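Asker: Going line by line, the protein sequences match chains W, S and B. Start counting the first sequence at 1; every next residue gets the next number (the numbering used here). Start counting the second sequence at 1; every next residue gets the next number (the numbering used here). Start counting the third sequence at 1; every next residue gets the next number (the numbering used here).
One should not assume that every hint holds.
Quick list of in silico lysine-lysine cross-link-like pairs, DSS-like style, CA-CA up to 25 angstroms [as the list claims (entries may be wrong)]:
| hint | chain 1 | residue 1 | chain 2 | residue 2 |
| --- | --- | --- | --- | --- |
| 1 | W | K90 | S | K225 |
| 2 | W | K6 | S | K173 |
| 3 | S | K173 | B | K109 |
| 4 | S | K173 | B | K23 |
| 5 | S | K4 | W | K90 |
| 6 | B | K23 | S | K90 |
| 7 | S | K173 | B | K110 |
| 8 | B | K119 | S | K173 |
| 9 | W | K6 | S | K8 |
Derived DEER-like restraints, expressed as beta-carbon distance ranges [as the list claims (entries may be wrong)]:
| hint | chain 1 | residue 1 | chain 2 | residue 2 | range |
| --- | --- | --- | --- | --- | --- |
| 10 | S | I57 | W | L119 | 30 to 36 angstroms |
| 11 | W | M125 | S | P151 | 45 to 51 angstroms |
| 12 | B | P82 | S | P151 | 53 to 59 angstroms |
| 13 | W | V41 | S | T98 | 25 to 31 angstroms |
| 14 | S | R40 | W | L119 | 31 to 37 angstroms |
| 15 | S | P181 | B | K176 | 44 to 50 angstroms |
| 16 | W | L246 | B | F22 | 51 to 57 angstroms |
| 17 | W | M125 | S | D128 | 39 to 45 angstroms |
If you are wondering where the hints come from, they were derived from the structure by calculation, not from laboratory data. Predicted, not measured: the structure shown is a model, and the values here were computed from it. From the three backbone atoms N, C-alpha and C, an ideal C-beta is built for every residue, glycine too.
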Amino acid sequence: MRFSRKSLGIPYAVFLVIFVAAPLLFLFYYAFTNGQGQFTVWNFTHFFTDPNTLGTLYYSLLLALVTTMVCLLLAYPVAYFLATSTMRTKPVVLMLFVMPMWINFSLRITALKEILNVLEGNLAMHPFLNAVVGMTYDFLPFMILPIYTTISRLDGALREAAMDLGANRVQTFLRVTLPLSVPGIISGVSMVFLPAMTNYVVLDMLYNSTYIMGSLIGSYFSAYNWHGGSMISLILLALICIFTLLTGNEEESVGRGGALL
Amino acid sequence: MIWKTFRKMFLILVLVFLYLPILILAVYSFTESTNIGAIRGFSLHNYVTLFTTAELIDMITGTITLALAAAAIATVLGTIGAIGAFYSRKNASRFITTLNQIPVINADVVTGFSICVLLVVALNISKDSYIPLLAGHVTLCAPFVFLSVMPRIQQMDPSIYEAALDLGATPFKALTQILIPQIVPGIISGFALAVTLSLDDYFIAMYTKPATFDTISTYVVNATKGAQTTIKTALWALSTVIFLLVVLIVLVTNIRSLRKANMEGGRRAQ
Amino acid sequence: MESKDTIIELKGISKVFEDDGFKAVDNFNLEVKRGEFVTFLGPSGCGKTTTLRMIAGFDVPTEGDILLNGKSIIGLPPYERPINTVFQRYALFPHMNVYDNIAFGLRQKKTPKDMIDRKVGRVLELVDLEGFERRAIRTLSGGQQQRIAIARALVNEPEILLLDEPLGALDLKMRKEMQLELKDMHNKLGITFIYVTHDQEEALTMSDKIVVMSEGRTQQIGTPEDIYNEPANAFVADFIGESNIFNGMMTGHLKARFCGGEFVCVDDFEEGTHITAVVRPEDVEITAPGHGTINGIVDSVIFKGIHYEITVLSGKNEIVIQTVHNARVGDRVGLRVDPENIHIMLAEDHTNLFYADVNHDFRLEYNGHHLDTSLTRIIKGSKRREDGTVVDGNGDILEPDRVRILVSLMPDDIEMTDDQDAGLIQGTISNLIYKGDHYSYIIHTELEQDFVVNDEDLWNMGDRVSLLMPVDKMKFTLKKK
Chain W
1 MRFSRKSLGI PYAVFLVIFV AAPLLFLFYY AFTNGQGQFT VWNFTHFFTD PNTLGTLYYS
61 LLLALVTTMV CLLLAYPVAY FLATSTMRTK PVVLMLFVMP MWINFSLRIT ALKEILNVLE
121 GNLAMHPFLN AVVGMTYDFL PFMILPIYTT ISRLDGALRE AAMDLGANRV QTFLRVTLPL
181 SVPGIISGVS MVFLPAMTNY VVLDMLYNST YIMGSLIGSY FSAYNWHGGS MISLILLALI
241 CIFTLLTGNE EESVGRGGAL L
Chain S
1 MIWKTFRKMF LILVLVFLYL PILILAVYSF TESTNIGAIR GFSLHNYVTL FTTAELIDMI
61 TGTITLALAA AAIATVLGTI GAIGAFYSRK NASRFITTLN QIPVINADVV TGFSICVLLV
121 VALNISKDSY IPLLAGHVTL CAPFVFLSVM PRIQQMDPSI YEAALDLGAT PFKALTQILI
181 PQIVPGIISG FALAVTLSLD DYFIAMYTKP ATFDTISTYV VNATKGAQTT IKTALWALST
241 VIFLLVVLIV LVTNIRSLRK ANMEGGRRAQ
Chain B
1 MESKDTIIEL KGISKVFEDD GFKAVDNFNL EVKRGEFVTF LGPSGCGKTT TLRMIAGFDV
61 PTEGDILLNG KSIIGLPPYE RPINTVFQRY ALFPHMNVYD NIAFGLRQKK TPKDMIDRKV
121 GRVLELVDLE GFERRAIRTL SGGQQQRIAI ARALVNEPEI LLLDEPLGAL DLKMRKEMQL
181 ELKDMHNKLG ITFIYVTHDQ EEALTMSDKI VVMSEGRTQQ IGTPEDIYNE PANAFVADFI
241 GESNIFNGMM TGHLKARFCG GEFVCVDDFE EGTHITAVVR PEDVEITAPG HGTINGIVDS
301 VIFKGIHYEI TVLSGKNEIV IQTVHNARVG DRVGLRVDPE NIHIMLAEDH TNLFYADVNH
361 DFRLEYNGHH LDTSLTRIIK GSKRREDGTV VDGNGDILEP DRVRILVSLM PDDIEMTDDQ
421 DAGLIQGTIS NLIYKGDHYS YIIHTELEQD FVVNDEDLWN MGDRVSLLMP VDKMKFTLKK
481 K
């Protein structure tokens, strides 16, 4: 057989099937079986009937929602000011906002913890606040970059046209820039919301012992309960699917990569 | 004028939020202090500890080795995968692209846990073999290499490859001499991205690593739970070293064409 | 029997693309003699580039065979064919300098270094770029890149050089210059050139032989003179040079009726035959009113430098005339054409041809009726841009005033009705022939055009009918005015 470029796809397809598709299939298997390998929906019903796990779901959603809002409220102005600025040092300033992403997150959270310790006295007193601050600190750059990219790609003439047609600055922003930057916002939200529901290490490090969805997987993992952990993973996957379907942005999800480089 | 000042102040305040903790920690890492508070005397003992404690050195070299190995494998896989997918029929191409997207949008907790379930639980591969850990990190990184190479291939004039064939190059030579050199920038940024992702990872390592092995993330998270002061302050030094390294790398890679690099960074972000 | 100097022969080549089932080339046959300059000419999407790619080996024909020096090369990959290509956008390797680009093919053949040096030097001299060896590709102008692309192909001394619209990206002046240079190179080197273009002037200037293609099929093969003077069908006549095309009918021995008059011609067909008449604009003479075959009123006059382009309306027919004599808008004039300048051809498959106009909404109009389609739907690759203009596949702006659409419609697809307002156009039945299982009618319309309509039912001569012409059965060709 002659060598062809198409055949290069085969090893990668095999790799994806083994390490991406197969693990997901096994999640399904474990989620709907018990320790004896018998089919059961107990893991499923348990999650949606136990007040503890439901409480975890609500708490994660609340935390993710608040974190995403805070990130957005900080990131949008940063992105907007940067993208519309004419200063010569813009690339440098942008780089400053991106650079924290390249420093190991656990070390950055350690640093934040020391500061919060001084400011709050006792970290254990403000668990929710700590969690929001910690996650915002961790994820903010991931929200800034996609919004910045979207706004900076808008044709400057659009804003000029709006003003030319009599819209003032505020109107121009509300009716032209903001609607057109929605794809960037969606992309940013998708990069913050999910980690905020699952990244339980940030909570652990900041003395917030409340469980979020990720902590459930962590605790099932520690207890060697693969069946329970698989069910939580499936529920998270379902949430991701819903989110992706709602936003319908296959391409925007490249964001994490873009944000990192 | 007020507006302009406000804009500037806002940017500065957010930057302070992002950098103050790291910078304060950097200052304290050069002192004998064990807590943020009164500064007690200049000292390099944190750096001495960092570079002489076997446990710390092992953890750092382990993290870097893992990152380089995973990134290298991921780069090869992701690159040939992108080339293969681009030239495959629509259905095959869509199949690869869709599967490729899963680890990208999935939560790392889920990715790590699912790989652990397959390799360690179902297939009974020992974590001590490092296979689950390496496989997990390659799975995390390869899709991003794929995504960073793909646009390069898409932008390429398709007749360049055909021109090589036309001039007598075999498909393999056309691939190695013409196609791959064209996408080198994408491959390099894919590799860099893979290294960063691996270095920053906590969850996949947590669920797949041997008990005796630690990456920076897993080590730091564990250390903050304990109360060993010497280790804690040595990690301040580590944080400072990494911060300075990042600054250095950013300066070196961007000094020639800061502007261009930024534009490309922005382009890749979509 | 193949003659000895046939270098390449294409036998019954067809190409159907797997992904969309599109038939790009349909039963293509061609023999090319050694040293010939052959041009594939046709509008975009006619299959000319696909044919070229099959010769080069990038695409494999679905059917048919390609013989090089009498031997089939169908199974040979492109890198084993002694054929080289100059690509549309040059396809120079951007990461290599000029020398490495040109040497690429020689290196694949393991040519010794000093030989490569010599050959590269010689071919650079040929394209007038001596001393450019070390230059990076991106530092070259479009014209220089073009020359390097030619040099890179020629250095391999191919038996056939394929050129895929190589001048398309150059500006007009540069293009003219390169045309002459390419022709010159062809004469000097004696290599067979197969050239693809959609520019009829380029084809006429350079070629020994032109293959006119449309919708995957060969329309005519011949010398530039043949093709210009004796177009085989209405498509060729229309595509090569400018033409007035009329549907008509033979009314007697060497007599044809079209455009509202009866003309004497030199082509003989049986009386009552449905014909297409083609008249070149430079062949129409303006006479005093009443002294020509038909009369008309001058509708527009445009000065074009060497001549005037005058449009005359005769009834509802539009005749374009190129003449050195001026006329005034509104003048009544007579028009005549020398019999030998009227090209009468059998209406091919009795296809009905007529022109539709494009209005400012980019919708099509005929006889005051809207056709239910728009410009962007019928022109491949065209799209409406944000600023409201429409561009074709090459990105050229299409202005409604500057284009019209040649519509073709088969006789089976037209229906006659008594309801005079129902159809696009009305006319009277002027001829009918029984064809065994159906009648073939000729309808003489109010626009002085003849349409051929097939119908199973019997209608009477002189019946006044309206013609229902379904838009989905129409085929459209863009014509620039």
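Asker: Each of the hints needs a verdict: does it hold here or not?
Answerer: Hints, one by one, checked against the model:
{"no.": "1", "hint": "W:K90 x S:K225", "verdict": "40 angstroms, violated"}
{"no.": "2", "hint": "W:K6 x S:K173", "verdict": "15 angstroms, holds"}
{"no.": "3", "hint": "S:K173 x B:K109", "verdict": "12 angstroms, holds"}
{"no.": "4", "hint": "S:K173 x B:K23", "verdict": "32 angstroms, violated"}
{"no.": "5", "hint": "S:K4 x W:K90", "verdict": "15 angstroms, holds"}
{"no.": "6", "hint": "B:K23 x S:K90", "verdict": "19 angstroms, holds"}
{"no.": "7", "hint": "S:K173 x B:K110", "verdict": "13 angstroms, holds"}
{"no.": "8", "hint": "B:K119 x S:K173", "verdict": "22 angstroms, holds"}
{"no.": "9", "hint": "W:K6 x S:K8", "verdict": "52 angstroms, violated"}
{"no.": "10", "hint": "S:I57 x W:L119: 30 to 36 angstroms", "verdict": "34 angstroms, holds"}
{"no.": "11", "hint": "W:M125 x S:P151: 45 to 51 angstroms", "verdict": "48 angstroms, holds"}
{"no.": "12", "hint": "B:P82 x S:P151: 53 to 59 angstroms", "verdict": "36 angstroms, violated"}
{"no.": "13", "hint": "W:V41 x S:T98: 25 to 31 angstroms", "verdict": "28 angstroms, holds"}
{"no.": "14", "hint": "S:R40 x W:L119: 31 to 37 angstroms", "verdict": "20 angstroms, violated"}
{"no.": "15", "hint": "S:P181 x B:K176: 44 to 50 angstroms", "verdict": "36 angstroms, violated"}
{"no.": "16", "hint": "W:L246 x B:F22: 51 to 57 angstroms", "verdict": "37 angstroms, violated"}
{"no.": "17", "hint": "W:M125 x S:D128: 39 to 45 angstroms", "verdict": "42 angstroms, holds"}
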